[in-house]
Amino acid sequence: DAKTTQPTSMDCAEGRAANLPCNHSTISGNEYVYWYRQIHSQGPQYIIHGLKNNETNEMASLIITEDRKSSTLILPHATLRDTAVYYCIVRLGRAGSYQLTFGKGTKLSVIP
Amino acid sequence: ETGVTQTPRHLVMGMTNKKSLKCEQHLGHNAMYWYKQSAKKPLELMFVYNFKEQTENNSVPSRFSPECPNSSHLFLHLHTLQPEDSALYLCASSQVQGGQGSYEQYFGPGTRLTVT
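So the protein lines, in turn, are chains A and B. For the first sequence, counting from 1, position 58 maps to 55 in the working numbering; every step adds exactly one. For the second sequence, counting from 1, position 25 maps to 567 in the working numbering; every step adds exactly one.
Hint data in this document are derived by calculation from the structure and do not stem from the laboratory. Virtual Cβ for every residue (Gly too), placed ideally from N, Cα, C. There may be inaccurate statements among the hints.
Unchecked claim - In silico DMTMM-like links for lysine to aspartate or glutamate, alpha-carbon gap of 20 Å or less:
| no. | chain 1 | residue 1 | chain 2 | residue 2 |
| --- | --- | --- | --- | --- |
| 1 | A | 49 | B | 646 |
| 2 | A | 101 | B | 586 |
| 3 | A | 0 | B | 626 |
| 4 | A | 104 | B | 609 |
| 5 | B | 582 | B | 609 |
| 6 | A | 0 | B | 586 |
| 7 | B | 561 | B | 609 |
Claimed, not checked - Partial list, derived from the structure: chain B residues whose beta carbon lies under 10 Å from chain A:
| no. | residue |
| --- | --- |
| 8 | 548 |
| 9 | 561 |
| 10 | 564 |
| 11 | 627 |
| 12 | 651 |
| 13 | 658 |
Required output: the full structure, derived from the provided sequences and hints.
Quick look at the structure:
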């Protein structure tokens, strides 16, 4: 699975959009980009995933660059409950290992 | 009960004790996972069960013994643990089709284990 690079931490004002970047320059053509988050002392929570096209669901939007070497997770209106560690993971979709390889992620702090 | 549940939520045990962690998923999934999260370390996959068969064991010491009696239940039996085994143990489940992994894993709240 391709390696990802994320900033260690970020702050965001409550009500503003939180944009969390992720670099995955060695991603291969059949690898997906996944985002999970982990609120303190809880299990990780799936947010969204994508291959090439931008994706949106009720939680967030995922913007993937045309060369697929980086992506951005967007929380459109951050709330205090969005304070968490956000993990960007690159792996094969349905095929291959079941393993999710979590890195250190980005600690997002939403500030009142 | 919904989602993935884990019991107990907190456990303190001595190095000579034997205890078990329990995980139950109410999502109709057919694959289950044990992860370990130590302080200031990324999550580490320990075991994977697909259709009750163990498919991955990431070099986990034998003092951790998993058991998957059916696709809804997963246990982690613990014996003669070390203080460095203190961590948050997370269970997850997913739906596997055709022997391939799924996009999403759903995690339980974890068991906070302290070995004294």
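Hints, verified against the model:
1. 49/A - 646/B: Roughly 18 Å between the alpha carbons, so the hint for residue 49/A and residue 646/B holds.
2. 101/A - 586/B: Within the cut-off at roughly 11 Å; holds.
3. 0/A - 626/B: violated, 27 Å
4. 104/A - 609/B: violated, 34 Å
5. 582/B - 609/B: violated, 28 Å
6. 0/A - 586/B: At roughly 15 Å apart (the allowed maximum being 20 Å), residue 586/B and residue 0/A satisfy the hint.
7. 561/B - 609/B: holds, 13 Å
8. 548: holds, 8 Å
9. 561: Status violated, d = 20 Å.
10. 564: violated, 15 Å
11. 627: Hint violated; residue 627/B Cβ to chain A Cβ min 18 Å, cut 10 Å.
12. 651: With a minimum Cβ separation of about 5 Å from chain A (threshold 10 Å), the hint on residue 651/B holds.
13. 658: violated, 20 Å
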